[in-house]
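Assemble the whole structure, with the sequences as input and the hints as a guide.
For the sequence shown, the positions run 0 to 392 when numbering that gives the first Met the number 0 is used.
Treat the hints with care, since some could be wrong.
Below, computed lysine-lysine pairings styled on DSS-like, alpha-carbon distance capped at 27 Å [said to hold, decoys possible]:
#	residue 1	residue 2
1	K1	K323
2	K10	K106
3	K127	K106
4	K127	K190
5	K28	K10
6	K326	K344
7	K237	K1
8	K23	K131
9	K10	K344
If you're looking for bench data, these hints aren't it; they were derived computationally from the structure.
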Amino acid sequence: MKIAIAIDSFKGSLSSIEAGNAVKEGIQKADPTADVSVYPLADGGEGTVTSLTQGLGGQLHTITVSGPLSDPVDAIYGITSDAATGELTAIMEMSQAAGITLIPPAKRNPLETTSFGVGEMIRDAIEKGCRKFVIGIGGSATNDGGVGMLQALGYDFLESPDEPIDFGAFGLSRLNYISAEHVIPELKECKFYIACDVQNPLCGPNGASAVFGPQKGANPDMVRAMDLWLSNYANLTKQFCIANGALGNPKTLADANFPGTGAAGGMGFAFLTYTNATLQSGVELIMEQTHFADHLTDVDLVITGEGCLDGQTAMGKAPIGVAKLAKEHGIPVIAFSGIVKPEAKRCNSHGIDAFFPILRNICTSEEAMDARNAAQNLADTAEQVYRALNLFQ
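Shown next as structure tokens:
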């Protein structure tokens, strides 16, 4: 039997590749002749850098950048090399430099938080030779429209012709001028693939400030103010683009209503307008970058899963993306999970034919999430499920 495994990380326990290899080990205990391949899986959120970099044989890099409150933080990103062309790809998570988890709840304030460190990561990768970027923008602490990131790449956002605005959303309240005079020249050679699973516009009742601002520490007055500032930023950006052009897609250029522009506090708008970027569903982007569909020829079974299968899984998380693609090829799909909630039954109508929890005895959460225990439970469960499947071969 030919089997393709693509499992999302078991957060806090196993990376995508580690989980996949555990399942492979269990299957090959039951049948050493089974043809089993493991592929990385992620959705652009936490774990994407590790999963994709490991799966594609790349290297992780740690650099010190400005955190969301401008204090130094260590950010990790990956670089992979295309075997055929030698093209270097940087794999990043915005949350490494500007993530909400980097700030204690009592200090969360989108008026002050900046995305500058994301631009520093990008700039570092450009200096290392990368011209292709895969970036997940979930989990941000910012509402600065991506201006901080753009400042790190050389764009000038000014209160007066010679006075830059402050970091954070509050800086946008004083924005009057935009200049590309100091943009690093290599930026025009770069292509950005942005993992974005929200469709919110930049402004308005469904925009970045109104929908995501409160979870980042904004009160109602701050939400209203930030929405006005982002609207002004969008108008000034449109004028800038008309006068100077920009690197973004002409079809989405400075369009504050384009789906996804409100993602990550306006980071979607910044990428689409000021860089050569596309926004895509996270899991679809990752599977596209790993060429997962190309590996499904003659596959008899696809195995997926994640740490917790629930109703949210059925709404389009990574395992459902895998199942959807497998069904396009007519391949049965099973899933493994650390926890299975009652709503997980919805997954059966979204391409996952059967799913199995891996816990094998009563234990604490800490014991269940121990990496060695989780890997052993995955291997043991996969072995027994595969033995059952073999009865019907």
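Hint check results:
Simply put, K1 and K323 have alpha-carbon atoms about 19 Å apart, close enough for the 27 Å limit, and the pair holds. As the CA atoms of K10 and K106 are separated by approximately 25 Å, the hinted pair is consistent with the 27 Å bound. Only pairs whose Cα atoms come within 27 Å are accepted, and K127 paired with K106 is rejected, the gap being roughly 34 Å. For the suggested pair K127 and K190, the alpha carbons sit about 15 Å apart, so the restraint of at most 27 Å is met.
For the given pair, K28 sits about 26 Å from K10 by alpha-carbon distance, which is consistent with the 27 Å threshold. At roughly 18 Å between alpha-carbon atoms, K326 and K344 fall within 27 Å of each other, so this suggested pair holds. Restraint check for K237 and K1: not satisfied, since their Cα atoms lie roughly 52 Å apart, outside the 27 Å limit. Of the supplied pair hints, the one linking K23 and K131 is violated, its CA atoms being roughly 31 Å apart against a limit of 27 Å.
For the hint pairing K10 with K344, the CA-to-CA distance comes to about 22 Å; that is within 27 Å, so the pair holds.
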